[in-house]
Amino acid sequence: MIIGKGKSIKNILAMIENHSKIIVAGCRGCVTVCSAGGEKEVGILSAALSLGREKDGKPIEIKEVTLERQCDPEYLESIRSFVDEYEAVVSIACGAGVQFLAEKFRKIPLYPGIDTNFIGVTETQGVWTERCQACGDCKLHLTGGICPISRCAKSLFNGPCGGSSKGKCEVNPEVDCGWQLIYDRLKELGKLDQLEIIIPINDWSTSRDGGPRKIIREDLTL
Amino acid sequence: MTSDSRLEKILSQGDFAVTSECGPPRGADPEIIRKKGTLIKDFVDAINVTDNQTSVVRMSSFSSCVILKQMGINPVLQMVTRDRNRIAIQSDILGAAALGINNILCLSGDHQKFGDHAKAKNVYDLDSIHLIQTVKQMRDEGKFLGGDDIKGKPRFFIGAAANPFADPFEFRVIRLAKKVAAGAQFIQTQCIYNLDRFKEWMQLVRDRGLHEKVHILGGVTPMKSLGMANYMKKMVPGMDVPDELIARIKGVPKEKQAEEGIKMCVETIQHLREIEGVHGVHIMAIEWEEMVPHIVQNAGLLPRPKIE
Amino acid sequence: MRLSYPPNIKIIQVPCTGKVDVLYLLKSFQRGADGVYVAGCMEGNCHYLTGNLRARKRVEYTKKILDEIGIGGERLEMYNMSAAQGPRFVEIANEMTERIKKLGPNPIKLFAATKSEEGAQKEKEECFV
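So the sequence lines, in the order shown, correspond to chains A, B and C.
If you're matching positions, the first sequence starts at 0 in numbering that gives the first Met the number 0 and goes up one per residue.
If you're matching positions, the second sequence starts at 0 in numbering that gives the first Met the number 0 and goes up one per residue.
If you're matching positions, the third sequence starts at 0 in numbering that gives the first Met the number 0 and goes up one per residue.
Keep in mind that the hints were calculated from the coordinates and are not lab data.
What you are looking at is a predicted structure, and each value in this text was computed from that prediction instead of being measured.
Any given hint could turn out to be false.
Stated by the list, open to error - Derived DSSO-like pairs: lysine-lysine, alpha-carbon spacing no greater than 30 Å straight-line:
no. : chain 1 : residue 1 : chain 2 : residue 2
1   : C       : Lys56     : A       : Lys62
2   : A       : Lys20     : A       : Lys9
3   : B       : Lys233    : B       : Lys223
4   : A       : Lys167    : C       : Lys101
5   : B       : Lys198    : A       : Lys186
6   : C       : Lys100    : C       : Lys62
Claimed, not checked - Some chain A residues judged to face chain B by a derived CB distance under 8 Å, without partners named:
no. : residue
7   : Arg79
8   : Phe81
9   : Ala152
10  : Leu155
11  : Phe156
12  : Gly161
13  : Ser164
14  : Val170
15  : Glu173
16  : Tyr182
17  : Leu194
18  : Ile197
19  : Ile200
20  : Trp203
For each residue, glycine too, the CB sits at the ideal point set by N, CA and C.
Chain A extracted, bound-state conformation (with noise of 0.2 Å):
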């Protein structure tokens, strides 16, 4: 799932300085399962926000809303009834549907109140890691599952490195060596030996470096 964690609040404080009259939207996808914007932690911010103002002098009036997902247009009209009324939103979606609201709401200011940081796994609870950057070409099946691109630093395709110690990245001794782990696996899988061939040069054009994109399934498209 898509992984964020929540800015500080000082920071969105400072966002919201001119307004006394916001919504915080909360979304019941990705951000709820790595709690950092469900509906809990909607109600964490605005209480937070709320002290924060009236410790100041400058109350500030908060409407709780925690949408299924912003990032579906559908979802999102539940609160179009009432957004005139406010002076800000507040996401606490991700990156994707922060801007989703922007789109859809064009007349009130869209504040973020997360970074959004990866796509990724619960390790355990608390605890979340990135597995996959979205480069639009799957290679998985080359090396045993693991990806070179988001677990390799520096997304070597016929890696290790030579700053690979004791099966951790030269980069934190924290983080697992990505080619260790591909090696460990096809080991597992008695495919060893599909390491001694070369992986070509890579296609960044479907990535990010390609410019922004867009899928289109004709078979669903209305």
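Given the coordinates of chain A, work out where chains B and C should sit on it, guided by the hints.
For chains B and C alone, kept in the frame of chain A given last:
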């Protein structure tokens, strides 16, 4: 010959090659490179210039190589893929060749986190193996990666790095084989302190017949002090400094430690000359370039051979 | 034990401090509490095994929020004690009361006091959860 490189000729005629390196300055003063070049030029067959090593911004390897070339020295252009994409890389390869540089060492490069610009975007459009393939394709097929013809093929003696001391150990030789398959003609290894482990690695190299396909130059770095020895042991990833070495330096008074470090370096070179498949030595005397003549002399590597 | 503790403490009972949410702590301050403390069982003795450990983590998290918004994390604290430790209960009650007295009233009351009389009567109210 695939290039006009002296290094290539020396290795082809079966002589034990000697290379060393210069670290460029953190400023625009060319004299610094000229001085370093002058110090070591008569003692080596080629001089590497590092490329923003450890991601610390320095005068570029490219420009430093040009300065050395103008002095009649044979430079080895070190090129990392961290900072430039395939367009800039191919462009620099053409430019370097045009300026008479004919040795290139293909590297991925230390991650920018180590340097003074940790907030930079990194590139890594290609990895080191892709870079080797690129130079080879440009040289032998005369084609750009995109497929168009090159008018005026660059000629390069292609090198790569190898680290017999990084993990996973069993995989290191396979990765070397990949580099050779990609087109690497010479290898400079990470500095060797653990001779036993290096010998093990060389055995694996010979088992695969790689010693006959690529020229391996063993890397050596003289220890200046106990402090340096400890630093290298603990703080540098992929470095193997055995305890006996630390003990040996420790056992000598502080004023004598540098001398002992040089002695150990010379001994290592002498051991390397005995190992089958090692065709040369790469002396990395970081910020201690003035000791290179001394080391080369004491290791019995003078005079440097003539080209036949 | 018939020990007495300061009268400005309002006790809110929960079956386990694991039930205490970051939101309850923030809302206590929103409602004018000058200080809040969470009293949980001794670590290792939680009937629900880790409830008090979670409470501690949430208290730490909330303290950071309180610092960031300028209310002050020192107004919130987590204590561990067993149900049998009457004297310790009193000790903590006094300790926390003293701390809050020194810190003064909840900063939101400095502005709210001008708005309503009820606000003025809520001086020195503490919550003991």
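A quick look at each hint next to the structure:
1. Lys56(C) / Lys62(A): 28 Å, holds
2. Lys20(A) / Lys9(A): With a Cα-Cα distance of about 18 Å, the restraint between Lys20(A) and Lys9(A) holds, given a limit of 30 Å.
3. Lys233(B) / Lys223(B): Between Lys233(B) and Lys223(B) the Cα gap is close to 16 Å, so the pair holds against 30 Å.
4. Lys167(A) / Lys101(C): 49 Å, violated
5. Lys198(B) / Lys186(A): 25 Å, holds
6. Lys100(C) / Lys62(C): Holds. Lys100(C) to Lys62(C) sits at ~18 Å (cutoff 30 Å).
7. Arg79: Where the cut-off is 8 Å and the nearest Cβ of chain B is about 39 Å from Arg79(A), the hint is violated.
8. Phe81: 41 Å, violated
9. Ala152: 5 Å, holds
10. Leu155: 4 Å, holds
11. Phe156: Holds - the Cβ of Phe156(A) comes within 8 Å of chain B, reaching about 5 Å at its closest.
12. Gly161: OK, holds: Gly161(A) within 8 Å of chain B, min 4 Å.
13. Ser164: 4 Å, holds
14. Val170: 5 Å, holds
15. Glu173: It is violated, given that the least Cβ distance between Glu173(A) and chain B is near 13 Å, above 8 Å.
16. Tyr182: 5 Å, holds
17. Leu194: It holds, given that the least Cβ distance between Leu194(A) and chain B is near 6 Å, below 8 Å.
18. Ile197: 6 Å, holds
19. Ile200: At 5 Å from the nearest chain B Cβ, Ile200(A) passes the 8 Å test, so the hint holds.
20. Trp203: 7 Å, holds
Of the hints listed earlier, those the structure fails to meet are numbers 4, 7, 8 and 15, in rising order.
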